[in-house]
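Asker: As a plain string of letters, each chain reads:
Protein chains: 2
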Amino acid sequence: MSSRIRSIRLDNSSINPKVLHAQYAVRGEIPVKADKYGQQIRDGHGDELPFNAILPCNIGNPQQQGLNQKPLTFWRQVAALTECPELINNAQLFPKDARDRASQLLHEIGSVGAYSHSKGVPFIRKQVADFLESRDGYSADPENIFLTAGASGGVNLLFHLLLCGEPDGVMIPIPQYPLYSASLALAGSRTVQYHLDENKGWELNIDLLEKSLSDAKSNGTETKALVIINPGNPTGAILSEENIIEIAKFAHKHELVLIADEVYQSNIYDESKPFISFKKVARDLKLDTLQLASFHSVSKGFSGECGKRGGFVEFVNFSEDLLSQATKLASISLCPPLQGQVAVDLLIRPPKEGDESYDQFSKEKDEILTNYASRSKIMADRFNKMDGVTCNNAEGAMYAFPQIRLPQKAQDAAKKEGKSPDAFYCMELLNNTGICVVPGGGFGQSPGTLHFRTTCLVPGTEDYINTIEKFHQEFMDRYRD
Amino acid sequence: MSSRIRSIRLDNSSINPKVLHAQYAVRGEIPVKADKYGQQIRDGHGDELPFNAILPCNIGNPQQQGLNQKPLTFWRQVAALTECPELINNAQLFPKDARDRASQLLHEIGSVGAYSHSKGVPFIRKQVADFLESRDGYSADPENIFLTAGASGGVNLLFHLLLCGEPDGVMIPIPQYPLYSASLALAGSRTVQYHLDENKGWELNIDLLEKSLSDAKSNGTETKALVIINPGNPTGAILSEENIIEIAKFAHKHELVLIADEVYQSNIYDESKPFISFKKVARDLKLDTLQLASFHSVSKGFSGECGKRGGFVEFVNFSEDLLSQATKLASISLCPPLQGQVAVDLLIRPPKEGDESYDQFSKEKDEILTNYASRSKIMADRFNKMDGVTCNNAEGAMYAFPQIRLPQKAQDAAKKEGKSPDAFYCMELLNNTGICVVPGGGFGQSPGTLHFRTTCLVPGTEDYINTIEKFHQEFMDRYRD
Chain A
1 MSSRIRSIRL DNSSINPKVL HAQYAVRGEI PVKADKYGQQ IRDGHGDELP
51 FNAILPCNIG NPQQQGLNQK PLTFWRQVAA LTECPELINN AQLFPKDARD
101 RASQLLHEIG SVGAYSHSKG VPFIRKQVAD FLESRDGYSA DPENIFLTAG
151 ASGGVNLLFH LLLCGEPDGV MIPIPQYPLY SASLALAGSR TVQYHLDENK
201 GWELNIDLLE KSLSDAKSNG TETKALVIIN PGNPTGAILS EENIIEIAKF
251 AHKHELVLIA DEVYQSNIYD ESKPFISFKK VARDLKLDTL QLASFHSVSK
301 GFSGECGKRG GFVEFVNFSE DLLSQATKLA SISLCPPLQG QVAVDLLIRP
351 PKEGDESYDQ FSKEKDEILT NYASRSKIMA DRFNKMDGVT CNNAEGAMYA
401 FPQIRLPQKA QDAAKKEGKS PDAFYCMELL NNTGICVVPG GGFGQSPGTL
451 HFRTTCLVPG TEDYINTIEK FHQEFMDRYR D
Chain B
1 MSSRIRSIRL DNSSINPKVL HAQYAVRGEI PVKADKYGQQ IRDGHGDELP
51 FNAILPCNIG NPQQQGLNQK PLTFWRQVAA LTECPELINN AQLFPKDARD
101 RASQLLHEIG SVGAYSHSKG VPFIRKQVAD FLESRDGYSA DPENIFLTAG
151 ASGGVNLLFH LLLCGEPDGV MIPIPQYPLY SASLALAGSR TVQYHLDENK
201 GWELNIDLLE KSLSDAKSNG TETKALVIIN PGNPTGAILS EENIIEIAKF
251 AHKHELVLIA DEVYQSNIYD ESKPFISFKK VARDLKLDTL QLASFHSVSK
301 GFSGECGKRG GFVEFVNFSE DLLSQATKLA SISLCPPLQG QVAVDLLIRP
351 PKEGDESYDQ FSKEKDEILT NYASRSKIMA DRFNKMDGVT CNNAEGAMYA
401 FPQIRLPQKA QDAAKKEGKS PDAFYCMELL NNTGICVVPG GGFGQSPGTL
451 HFRTTCLVPG TEDYINTIEK FHQEFMDRYR D
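Note that the protein sequences, when read in sequence, are chains A and B. Sequential numbering of the first sequence, starting at 1, is according to the UniProt record's numbering. Sequential numbering of the second sequence, starting at 1, is according to the UniProt record's numbering.
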C-alpha cells in the first residue's frame, strides 16, 4: 500500500460552489445558536443563561415547541383515520364527517403507505381544481396541478425546469423570502432585485419593476421570471387589485413567467383588502400567453401543518409537453408525502355548515386568525413606540418586519465582531432574552436600512414585546452616541 | 399595446436541457400508459380492454392498489397516535408499547405538524445512531446522520454537495436503479458505468471497476464517487464480504466517495448471505479517510411505507464544515416530512420480545418476508422454464430481472415502432395483460442483451406468472423467425 497521505474527496474546498454561495438565514447562524442554547437547557445547564427558554420567532412554524398552536381537530382526525382505517367505523371517537372524508380519501388513495402518482393523487388534484374554480370563477384543469412537498417543493420543481444557470435571472422582491435567493444560487442563476417601498406600506411600484428589468438586461441577464409574494413575506403587505393588474400586464408584456407565492392567502387581517389571485386577474384580462405558476401550502394559513410537507402549484398556460417534463422531473423523487397530500385535501375542503365538525372547526379557525390579527396589531403598535423603531402594520401573512435605527457605536461594535449591525442586534437579542428572530439582511433590505423579522405566533404577545422593549432600551442605552 | 404575437417563455424548446436528458423509466412511458388504462377502467370503459385490471409491477410499491400489502399494525398505531395525541390514554384501542412510543416521540417532537430540525428530530437521529452501532459494532454519531425524504432525498442532497457539472462523474452499476443516472443528468455530470456479470449471478468484478475508472480518466472525467447497491436493484444479488472488502479498498485507494445504497438490507432471502454494511467493513479495515454515505429507507424492507417518504443517510468521515453545508442545503427545503421521520424511528426500533405488540409484529413481518422469498423463487424458476428466458435467483431486494432473447422478427417490429425491443416487449405485455413492468433499458443492460424488471410483490404469483408465460409464448410464436 502506498504511504502517501490520502486526501479527502469531499470537503469545503471541493464542494459544489453553488452550495457554498446559497444562504438561508431563516435557519442560519442565529437559529443554529438558538438550537445550541435549547440543547444546553435540555441538558440541565440552563442556569448559566439569562433566560429559561428559547422563543423561536425565526420561522413561521406555529406548532413548534414553545409556541404550541393546537392543530385543527378535524385535520388530525382524518389523518389518524387514514393511518388506521380500522377505526373508521368508530362513531364514538370520531365525527361522521371525519370518518366519511377518510373513507373517501382511502377509496381513492388505497393506502397512505403507497407511492401516489408523482403529481399527486388524481382525486385530490381534482378537488384542488374545484377549489380554484370556486375561488376565482374560472375553470382549472387537474392536469395543470401538481401536489408538492410544501410550496418549497413546487418552487424547486419550477426552478429546475426554468433555469439553465448563467446568465438566467429571476426578479425577486427586496425584502423577499430567502427560498428564492437560495434556489437561484443553487441553480447558478442571478437574482434580479426590485425594491418594495417601505415608506408606502411596502407598496410595489411598477416603475421600479421596469427599471430593475431594464438594468438587468443591460447587465446581460436573461430575465425569465418574476416572483411576487402576496400577501408579502416578510412584509405582511397585501397587493391592491390595481397593483395586481399592473404586475400581470408587466409580466405578460415582457414574457416573464409569473411566480405567484400565494401561500398566505388565508392570512388576511385587513378586511378592506381581500385576497385576489393572479389567476383570476390573468383570466379577467384574458392574458392567454401569460405563464403563471401559483403556489399554496398547508404550512401557513390557520392550519400551520408545516411538518406534513404539503402544498400545490397550478401551472397556467404551460404546454402539455412541458408538463410531461415536469411530471418526469417530479417522478425522480417519486411523489410528495401522502399525509401532505391528505392535508392539501383538508386545506381546500374544510367542513361545511351542517357537517358534524363544522362548529368546532370554525371556532378553532376563528381563534387562530383572531390571535394572529390582534398580535400583529399589538406588535406594530409597540414597535412604533420604541426608540428608533418603525413598523408597518401587517395586513396579512404572519410576520412583522420592523426597521431599527441603531447608534453608530452599535454599528462599530458589530463591525468589530465581523457582523452586520442587524445580525449583531439579533444575536444580542438572542443572547440576552432567548428570543430568536432573523436579521433583515437574510431577506434583503434597502441600503442603509436595518430590520429584523419576527412572527405573530407567540402566545402572550404583550410579555414578548415587553421583553424585546426592555432589551431594546438597554441596547440603545449601552450604545448611545 | 403591441400587436406582435407574444411567445411563451417556458416550453420544451427553452426548458433546462438537463431535465430533457434525464430519464426515469420506473415511471416512464409504460407506467404512464398503464395509468391511462387504469383511468379507462375506473371510468367504466374497461370492456374494450383484454384485461380487467392493471397489475403494477413497475415499482417497489407494496401497498399500492392492486397489490395491497397490509401495513404493519404497530407502525400505523404509532402514526395515528402522533396525529391524535388525545387517544394516547386509550388502552382499549391501542397496545401499551404503541402508546408509550407515541408519547415518547411527541415528548421529543412536540407536534408532527411542526417543522423539525432540517437534519431531522435529534432524538430520532440518536436512535438511528444506536441502531447503526448495534448493527455494525462500531460507534455512530447522530451529527453524521440526516433524516431524509426517502433514500432519494438523501441521494439528491449528496449529489448537490458533490457534483459541479462537467467533467465530474460518478460510477454506477449496469444495471442500476435509475435514480442515479437521472440525478447525474440533472447535475449535468457524467455516468461512469461498470457492468455486473450476469453469468456469475450479477457478481461485481473488481477488475472491471478498475478498468471503468481508468477509461473514465482517459476520457477526461473527474470521477468523484462510486455507487454500490447492495442488495442489488434490479439484480437482487447480495455482495459477499470479500467483495465488499475489495470495493471499500478500491474506493479508498482512488479517493472516491462510496455511495452505499443499502435500502434493501432487511430483504435477504438467502440465509447463507447475511447483510454486511460498508460501514462495518470500512471500520474493520480502519479506512479512516474513506468517505462513505450509506442510505436506508422506510419504503422497502418489510414495512414498504413508500408514501411516508422517510429515510436516512449516515455520512462517515466527512468534516464538520462539510456537514454544516449539508445542513444549510437541507434547510432550504425546511425538513423531511414528520411522519417519514416517525417511520424511521419505527424502522430501527421494532417492538422487542415481551412488548405487547411483539407477537403480532413478528407474525406480520415474517409473513411478508416469507412471501417475498417464496415469490422470488417461484418467479426465477418459472422464468427459467420459458422460451429464451433466463433469470438469476434473487438473493434479496424485491425484484426479478430476467433476460429475454427475442426473435429477429420481434426486433424488426420494435424498430418499426421506433422502440427498443425490450420496450416493445413490455408494452405488448401491458397491452395484452395489464401487467406493467419496466424494460431493462431503463436500468441499463450489457449490449446485445434484453431484460425487464418485475417485483415480487404480487399476491397470487402463480397466476401472475401463468399470465406472463401465456403472453410470452404467444409473443414468441407470433414473431418466431
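To be clear, the hints were calculated from the coordinates, so they are not data collected in a lab. A portion of the hints provided could be inaccurate.
Pairs count within a copy or across copies, as identical chains cannot be separated in the list.
[As the list claims (entries may be wrong)] Taking lysine to aspartate or glutamate and the EDC-like style, the derived pairs with C-alpha atoms no more than 16 Å apart in a straight line are:
(1) 385 / 136
(2) 18 / 166
(3) 36 / 246
(4) 33 / 359
(5) 249 / 288
(6) 365 / 108
(7) 126 / 108
(8) 70 / 86
(9) 415 / 463
(10) 18 / 366
(11) 253 / 100
(12) 280 / 355
(13) 200 / 222
(14) 18 / 428
(15) 470 / 166
(16) 409 / 381
(17) 328 / 11
(18) 363 / 381
(19) 352 / 35
(20) 385 / 141
(21) 415 / 355
(22) 352 / 366
(23) 419 / 29
(24) 217 / 462
(25) 416 / 246
(26) 365 / 242
Asker: Work down the list of hints and note, for each, if the structure agrees.
Answerer: Structure-based check of each hint:
1. 385 / 136: neither (40 Å within a copy, 60 Å between copies)
2. 18 / 166: Both: 12 Å inside a copy, 14 Å across copies.
3. 36 / 246: neither (46 Å within a copy, 41 Å between copies)
4. 33 / 359: neither (42 Å within a copy, 45 Å between copies)
5. 249 / 288: Within one copy only: 11 Å inside, 60 Å across.
6. 365 / 108: neither (27 Å within a copy, 26 Å between copies)
7. 126 / 108: within (12 Å within a copy, 37 Å between copies)
8. 70 / 86: between (26 Å within a copy, 12 Å between copies)
9. 415 / 463: Neither, since 31 Å and 75 Å both go past 16 Å.
10. 18 / 366: Result: close neither inside a copy nor across copies, 43 Å intra and 47 Å inter.
11. 253 / 100: The answer is neither: 47 Å in one copy and 60 Å across copies each exceed 16 Å.
12. 280 / 355: neither (29 Å within a copy, 57 Å between copies)
13. 200 / 222: neither (30 Å within a copy, 53 Å between copies)
14. 18 / 428: neither (30 Å within a copy, 45 Å between copies)
15. 470 / 166: neither (48 Å within a copy, 55 Å between copies)
16. 409 / 381: Neither way: residue 409 and residue 381 sit 27 Å apart in one copy and 81 Å across, limit 16 Å.
17. 328 / 11: between (32 Å within a copy, 15 Å between copies)
18. 363 / 381: neither (27 Å within a copy, 62 Å between copies)
19. 352 / 35: neither (41 Å within a copy, 33 Å between copies)
20. 385 / 141: Neither: 49 Å inside a copy, 48 Å across copies.
21. 415 / 355: neither (60 Å within a copy, 59 Å between copies)
22. 352 / 366: Result: close within a single copy only, 15 Å intra versus 45 Å inter.
23. 419 / 29: within (11 Å within a copy, 53 Å between copies)
24. 217 / 462: neither (48 Å within a copy, 65 Å between copies)
25. 416 / 246: neither (45 Å within a copy, 53 Å between copies)
26. 365 / 242: Neither. Shortest intra-copy (30 Å) and inter-copy (61 Å) distances fail the 16 Å Cα cut-off.
Hint check: violations occur at hints 1, 3, 4, 6, 9, 10, 11, 12, 13, 14, 15, 16, 18, 19, 20, 21, 24, 25 and 26; the rest are consistent with the structure.
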